[in-house]
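Chains as they are written, first to last, in UniProt numbering: chain A, 1 to 436; chain B, 1 to 436; chain C, 1 to 436; chain D, 1 to 436.
Mixed in with the good hints there might be a few duds.
A pair holds if it fits inside one copy or across any two, identical chains being indistinguishable in the list.
Here are the simulated DSS-like pairs of lysine-lysine, each with C-alpha atoms no more than 30 Å apart in a straight line [stated by the list, open to error]:
#, residue 1, residue 2
1, Lys272, Lys347
2, Lys337, Lys71
3, Lys425, Lys400
4, Lys21, Lys337
5, Lys385, Lys347
6, Lys425, Lys71
7, Lys337, Lys400
8, Lys385, Lys205
9, Lys205, Lys400
10, Lys205, Lys21
11, Lys425, Lys272
12, Lys42, Lys385
13, Lys205, Lys337
14, Lys400, Lys71
15, Lys205, Lys42
16, Lys347, Lys42
None of these hints come from the bench; they were simulated from the model.
The residues making up each chain are set out below.
Protein chains: 4
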Amino acid sequence: MVPRYSRPDMTAIWTPEARFKIWFEIEAHATEALADLGVVPKEAADALWAWWRTNPAIDVDAIDAIEAVTKHDVIAFLTWVAEQVGDQARFMHQGMTSSDVLDTCLAVQLARASDILIADIDALLAVLRRRAEEHKLTPTIGRSHGIHAEPVTFGLKLAEAYAEFSRCRTRLVAARAEVATCAISGAVGTFANVDPRVEAHVAAKLGLAVEPVSTQVIPRDRHAMFFATLGVVASSIERLAVEVRHLQRTEVLEAEEYFSPGQKGSSAMPHKRNPVLTENLTGLARMVRGYVTPALENVALWHERDISHSSVERYIAPDATITLDFALARLTGVIDKLLVYPERMQKNMDRMGGLIHSQRVLLALTQAGVSREDSYRLVQRNAMKVWESDGALSLNELLKADADVTAALSPEAIDAEFDLGYHYKHVDTIFARVFG
Amino acid sequence: MVPRYSRPDMTAIWTPEARFKIWFEIEAHATEALADLGVVPKEAADALWAWWRTNPAIDVDAIDAIEAVTKHDVIAFLTWVAEQVGDQARFMHQGMTSSDVLDTCLAVQLARASDILIADIDALLAVLRRRAEEHKLTPTIGRSHGIHAEPVTFGLKLAEAYAEFSRCRTRLVAARAEVATCAISGAVGTFANVDPRVEAHVAAKLGLAVEPVSTQVIPRDRHAMFFATLGVVASSIERLAVEVRHLQRTEVLEAEEYFSPGQKGSSAMPHKRNPVLTENLTGLARMVRGYVTPALENVALWHERDISHSSVERYIAPDATITLDFALARLTGVIDKLLVYPERMQKNMDRMGGLIHSQRVLLALTQAGVSREDSYRLVQRNAMKVWESDGALSLNELLKADADVTAALSPEAIDAEFDLGYHYKHVDTIFARVFG
Amino acid sequence: MVPRYSRPDMTAIWTPEARFKIWFEIEAHATEALADLGVVPKEAADALWAWWRTNPAIDVDAIDAIEAVTKHDVIAFLTWVAEQVGDQARFMHQGMTSSDVLDTCLAVQLARASDILIADIDALLAVLRRRAEEHKLTPTIGRSHGIHAEPVTFGLKLAEAYAEFSRCRTRLVAARAEVATCAISGAVGTFANVDPRVEAHVAAKLGLAVEPVSTQVIPRDRHAMFFATLGVVASSIERLAVEVRHLQRTEVLEAEEYFSPGQKGSSAMPHKRNPVLTENLTGLARMVRGYVTPALENVALWHERDISHSSVERYIAPDATITLDFALARLTGVIDKLLVYPERMQKNMDRMGGLIHSQRVLLALTQAGVSREDSYRLVQRNAMKVWESDGALSLNELLKADADVTAALSPEAIDAEFDLGYHYKHVDTIFARVFG
Amino acid sequence: MVPRYSRPDMTAIWTPEARFKIWFEIEAHATEALADLGVVPKEAADALWAWWRTNPAIDVDAIDAIEAVTKHDVIAFLTWVAEQVGDQARFMHQGMTSSDVLDTCLAVQLARASDILIADIDALLAVLRRRAEEHKLTPTIGRSHGIHAEPVTFGLKLAEAYAEFSRCRTRLVAARAEVATCAISGAVGTFANVDPRVEAHVAAKLGLAVEPVSTQVIPRDRHAMFFATLGVVASSIERLAVEVRHLQRTEVLEAEEYFSPGQKGSSAMPHKRNPVLTENLTGLARMVRGYVTPALENVALWHERDISHSSVERYIAPDATITLDFALARLTGVIDKLLVYPERMQKNMDRMGGLIHSQRVLLALTQAGVSREDSYRLVQRNAMKVWESDGALSLNELLKADADVTAALSPEAIDAEFDLGYHYKHVDTIFARVFG
């Protein structure tokens, strides 16, 4: 976890305090269920909750000090709770194994993290939609291979991003369901010493599904799918970030990350405004992707479990969720305040002297009865002049001055082929598909 | 693609012939839709389908020869088709761009590949279920950290695998939906020269969804999610493969990959039977996982597309699907014919002289009124003798010979604590959860 | 292996014929050493080499047919050789294990592949050097964050690439040494049935080092290092490819991949010239990088070996080397024929009206006795006008028209600060460092 | 960075204090060189060093507070230093760019980290050597595929690990050289405003090489190679960790991680001793490997630099080095104190009733004049009895009771073939190769 790439709500999920609180809730709910089943006295559960209602502070240092002696984190925690609650606490954890607490806690944490990530996506979607509507018909050049192709609108670019992050939202919802399961099934998952009804009770109270069959642990294919999904979301972040970086290049400059009025780009070079936020997002995406493979390698635990996954998850569970949360929020801010320059978009689109309409003129000539070969030749000989002038000449004007062309097409007909509207007649259709 | 790790049905999807056939169908369906819209003559579509009904062979070499000249694969294909069909073929591809054909074709191929993979999983699930039912109550030791913990059944191990691959099936179905979309939207996705109804028609005919908003290409977050899912499935394969490899170790030998009666393990060492199939699966899983990151890196294409994804997909689309298909089938064969040795399972479980029941005796003494401290001491002093004898002594017998123990527990009571059935009382519950 | 991304020399290394030939040489050299030690008759080695000198064709199908029966590739090969050579062949392979042959063969193949890759790098370096010298003083703008910063030369860009690929060469030489080892040490590496002198003889004959201690196999950390190195080289390829892609963007267009005179960029859009080769290289780099992780996962084989690495290597040994060879050659071709447009470079550098010199004027004013605060204000008020004019105004001219500026600096002094030569005074130094 | 997987010396390299101290040294050395060149007053350098000799505390909070205003970390640092040193400090950083400081600082940090890692390896090598010598002739079974093959010694296993980590040491030394370079070359690497002699001076003072050609930054192929090397070392750690985990399995139990006399394996299951340290190492290896791909993706920065690498390095530079340092130290501790059970090794080797010697008897019969076919049959009919008895019968005894065998071999001759020494005759040779 790198503090500068962290936001407080997500970070809070991964603090020792938060973890111990979830542990307590799991233990207290389980004790409650055991009491209902007559396995432990009802007073035990009551005592736990009575203490909990006092909203007690969690003394992490005290628990750590006990762990330094016992070398066992869950036992240390239980010991500390017993010191606070008193004699009734000895009925906690009956028939359970440490992994029941650890894995169910991780499920709660990842579910909460998912909720934040989904909310992040919702915020991003709202901003994307607003800016897409705003620029629904702002003309800009579509580029394939980095080369001018044919016109699109800036709103279409954002609509594509909206659709992509809508898919990411769906994937995150599925990823949340993958990991939001509860296992209270004992040392090797057989419920030998704990009734399955305890698991059902805890699951219901925590808003988790019951894990159908666990070993000592919840199977790690679930977590692998979760982190793989985060890697996909990160890749979509990178895509939009790279788009902004390209648009802000000096030679393109069709959009820019927001610069506050008094802000300095560089103390030495006053002309500089760098797309540092989206470059940063590009790097953060690499990190979130980098956590996918360790998560995949965590699946093949030996027999009913080995503990090799544990150290991996101590890194990637906080790091992947905190980083992705930060990245989504940063991207939302970038899009929200993105400075968009329609005039520059138009200027760039025009820089090739109207060559981007060459295909349409070609088709018009054909439809006017000129053979395809001749049509191609007529367009090309004018297009090449434009090309060689580096856009100083205008294709439209050259065509109008070419008698062979005007023999087939009137000036008005030529102008019609240079109409951007032709390219935008289905923007409504696409927007309706994307935004409903 | 490595031939020895390939099966014909999946490989067939990725041949040039298969690709060209899909291309033709896309073009013919599109021409049909264009004819319905009055853009091209109805005769054009009729001519295409009439030729197609002759079930013509695809002359890949001829198409390649044309490509060697035109340097463009789709144009080469269209040229060859025109040579076969005649004049009416000139109406094909009207208003479309090459990516419309290429990406929609890839969608068809990945959808077909998904269908095979899902069928593979179904076959694996059927075998897992059969073997799980067969060994539902076959006792075996549960191991955490590779160390004996408490008893499970061999059927429970397979039930866990069944549940895991059921999740994989769900994921594959979702992954199929991710990639099964059709885009016929023109050079930069604006439908400038092709009506969206053409796309809808082709999609319906090919069983694909319509891509809501494409650029020049179908967005690659879809494919990233697809290949990430394959990586998760591969990891689950590795998990079960590693389980078998462990069970076949000389010292464990609780199960073995099938050996035909006359088969030789080694010409030099007649005692050898190696788990080569599951070792092989472990390696294949690494490969399928290795394709995830390139797929994630393919997402951030520049603007409306760059073509960097294309070479990646020429490798990973065949390699990942062919390898995973082979691996699933191989795993199914391994489980189907797995030699299971319940006697050895029992023998291994017994090798520690009944120590695996120490916890239960401890609890029984406590419930019989002995203090927890004394109970622990009584069990431990007998357990240590067993431990030091390397399992030659029996905990049960030692306890019965310990007067302090028998003062609290009768021999019958002691025997009761060594009852395996205690651990299996919820096997039915778990099986019902898994198999319904 | 994707045929279109393969070149014949590298591909030839990985054919069955090539493999079998290396197997034969290993076996024949070993038999020779065994004969020298008196373990087998000298006639055995003589017979093998006598047959070999006839330059016999390797009948792969026949060997495969034997393997289909024996289920063992090395035994199948030995059987076939025995059929050709006759009775003396029965002394081959004495005391050896299959892995001795397989792993030593892989070492030979990877060493040969390294030699090709190193030659590829040499060719690339030669081209980089030539183009760097050619454009040693071709002015072009240096960009950080994609934004104009200060001037560099195009030759400096290529010198950087030269230095980077020189490092890659050094790494490849080290990677070759990592894998070029020979192991002829028997079933578990103890030389129980084969004298270490056999290994030494074979190693010397094949130009390999002796593996100091093998298990059944050569340890896979060597191969991991090899493939990791290939991943680094691929990343450097990507870097230069991305540079070219950026330079070819429509708005930048400072360089272009070569287009032959008659070549068409697009049948529909005659203005298009796409950097498809470097985009392709970007994708190929992803693939070569993707093979690194499987190679790393191959290291932790169980005990004296498990065979999980084998399937991985059947994919990545050919695929990584063939792809990298192709990519290096393609990159060499791109740089060799790269169309470079110095005029456009100058034009782009000028597009901001000389703002790139603002820092130098600031320093000159300061040195002329104006306070730093005043200097900054004077430069800034003129720079902002240039900025707002989108480069239509000239900073140089505005400064000369600003009385407060000219009070401190003469027109000649102002001109001096706009001298590009100032930035290039150390180009010789850098070139000397890089090219010696 | 996860505190529990961190050691203080390595962590100290990555603190803000450590970073600021290196920054100061770079700036002060540069100022010194500038003074020598007459660019700045000699008093400026003197003032800086005079202050530094007071061993001043670095007030990180104060610097952070300035950065919160300036939004620029290097400027914030320079401002704070100026506040401490006074007027002479204004000559610092003359002609330099922030990356000169940042990248050279990273080089110093990675070089220091490398030194710790190399020392870690040295400690591990010393322990491996000691334990290898100790068990040079401790017989244990060699296993391929997890199945008994032929005898090795436990010392040979450790010698192999020694050789592997010796290679890792060589690789780390090379990786250190990759990253230990200094760049003081200005905004785009042209030395426009700073003389190359400044760079040479700083490099010499800091023990770094001069970067031959930098852009705005030191090229990231260097760092990619560094982190890739760390990934290889991590994989070798995993290999040895997995070996220990296998040896500690209940059924094998040939070695164990150290357990202190009073330690409890489990409060509930007193028979448990889990290989938790080596399982942990397995997970840590996954993490260090996971950082390789982001480092590779960092290479292809845009033009003279973009800043996407920066966030990646904020994670992986500390995390990869801290984790690997911890892992190497933990592995050293595991091997140092590893409990080795030669009796159990012998017992496991014997569990197959001497079948591991079947190959040698076969050869002896052949050499005694029995045909190979008859020899195979004679050995096999006795071997099968042993196999079916699960090792209860002894091959040696059965052979001696088989008249057809004893007709060819005397009892003494049979015994000779069961001599382990046969397998160990070249242990000295191998040890000499490895340890010199």
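Here is what the structure says about each hint:
no.	hint	verdict
1	Lys272 <-> Lys347	both (21 Å within a copy, 19 Å between copies)
2	Lys337 <-> Lys71	between (51 Å within a copy, 19 Å between copies)
3	Lys425 <-> Lys400	within (26 Å within a copy, 51 Å between copies)
4	Lys21 <-> Lys337	neither (39 Å within a copy, 38 Å between copies)
5	Lys385 <-> Lys347	both (19 Å within a copy, 20 Å between copies)
6	Lys425 <-> Lys71	neither (69 Å within a copy, 33 Å between copies)
7	Lys337 <-> Lys400	neither (43 Å within a copy, 38 Å between copies)
8	Lys385 <-> Lys205	neither (75 Å within a copy, 45 Å between copies)
9	Lys205 <-> Lys400	neither (77 Å within a copy, 45 Å between copies)
10	Lys205 <-> Lys21	within (14 Å within a copy, 52 Å between copies)
11	Lys425 <-> Lys272	between (38 Å within a copy, 24 Å between copies)
12	Lys42 <-> Lys385	neither (92 Å within a copy, 40 Å between copies)
13	Lys205 <-> Lys337	neither (41 Å within a copy, 43 Å between copies)
14	Lys400 <-> Lys71	neither (87 Å within a copy, 34 Å between copies)
15	Lys205 <-> Lys42	within (18 Å within a copy, 64 Å between copies)
16	Lys347 <-> Lys42	neither (77 Å within a copy, 43 Å between copies)
Hint compliance for this structure: hints 4, 6, 7, 8, 9, 12, 13, 14, 16 are not met, and every other hint is.
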